[in-house]
Amino acid sequence: AQSVTQPDIHITVSEGASLELRCNYSYGATPYLFWYVQSPGQGLQLLLKYFSGDTLVQGIKGFEAEFKRSQSSFNLRKPSVHWSDAAEYFCAVGGNNNDMRFGAGTRLTVKP
Amino acid sequence: DGGITQSPKYLFRKEGQNVTLSCEQNLNHDAMYWYRQDPGQGLRLIYYSQIVNDFQKGDIAEGYSVSREKKESFPLTVTSAQKNPTAFYLCASSRNWYEQYFGPGTRLTVT
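One line per chain: the protein sequences are F and Y, in this order.
With the numbering used here as the guide, the letters of the first sequence map in order to residues 1 to 112.
With the numbering used here as the guide, the letters of the second sequence map in order to residues 113 to 223.
No lab work stands behind these hints, which were simulated from the structure alone.
Do not rely on the hints blindly, as some may be mistaken.
[To be verified] Part of the chain Y face toward chain F, derived, beta carbon under 8 Å:
#1 P120
#2 F124
#3 E127
#4 G152
#5 Q153
#6 G154
#7 F167
#8 L202
#9 P216
#10 G217
#11 V222
[As the list claims (entries may be wrong)] For each label pair, taking beta carbons as the anchor points, the in silico distance ranges come out as:
#12 Q58/F - E127/Y: 44 to 52 Å
#13 Q58/F - F124/Y: 37 to 45 Å
#14 F124/Y - K61/F: 30 to 38 Å
#15 T12/F - Q153/Y: 17 to 25 Å
#16 Q58/F - D171/Y: 46 to 54 Å
#17 G62/F - K183/Y: 31 to 39 Å
#18 T223/Y - G41/F: 15 to 23 Å
#19 G41/F - L139/Y: 35 to 43 Å
#20 G16/F - E127/Y: 21 to 29 Å
#21 K68/F - Y122/Y: 40 to 48 Å
#22 S3/F - G128/Y: 31 to 39 Å
Just so you know, even glycine gets a beta-carbon here, dropped at the ideal spot from N, CA and C.
Let the sequences and hints guide you as you build the complete structure.
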């Protein structure tokens, strides 16, 4: 069965600084990969997804992620963080119908 | 305005009582899901339903029950058999399993 690891529980960055959130997955075949964002007390919003093709994926809110098969990674990046980006971020992997696995999440704090 | 609604936002119950969480969607999605979220554990799948009158257990179905009598509705009952019911519960729906849309969640506290 697939699994996801987000090594960083909590990250703090200054507003305007760049951001990279790490995600490593385990899956035997080509995975479907996702990043979601969750504001406190809210549901999850899909930021971006990778199914196939170009390994650099663009998402909403200025986020991008790069699929690296050799490293089993799908890291999320943003060149310049805004205070409104403070939230919890979840990486997820899927490969079979209705079998999507989520990481434990990374909480992002943005310093003014 | 299409979306998923979950009610109530906060729910309090005494131990030993069953409680039902509501989830409604007007996105015309066939599939619906219930997840449980605990701090530091991400989301875990409780039940899912791909069509009306059919549903499947997820990873942590024990102590929970669901029904899917209408396409728009997928209520979750947390029974007294659930050992640790206090959690944040998220409902989702999708046209394709891999693009799930989430509701705002219900925070259940059992004392």
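Each hint, compared with the structure:
no.	hint	verdict
1	P120	violated, 13 Å
2	F124	violated, 16 Å
3	E127	violated, 24 Å
4	G152	holds, 6 Å
5	Q153	holds, 6 Å
6	G154	holds, 4 Å
7	F167	violated, 11 Å
8	L202	holds, 6 Å
9	P216	holds, 5 Å
10	G217	holds, 5 Å
11	V222	violated, 18 Å
12	Q58/F - E127/Y: 44 to 52 Å	holds, 48 Å
13	Q58/F - F124/Y: 37 to 45 Å	holds, 43 Å
14	F124/Y - K61/F: 30 to 38 Å	holds, 34 Å
15	T12/F - Q153/Y: 17 to 25 Å	holds, 22 Å
16	Q58/F - D171/Y: 46 to 54 Å	violated, 32 Å
17	G62/F - K183/Y: 31 to 39 Å	holds, 36 Å
18	T223/Y - G41/F: 15 to 23 Å	holds, 20 Å
19	G41/F - L139/Y: 35 to 43 Å	violated, 22 Å
20	G16/F - E127/Y: 21 to 29 Å	violated, 48 Å
21	K68/F - Y122/Y: 40 to 48 Å	holds, 41 Å
22	S3/F - G128/Y: 31 to 39 Å	holds, 35 Å
Checked against the numbered hints given earlier, the structure breaks hints 1, 2, 3, 7, 11, 16, 19 and 20 and satisfies all the rest.
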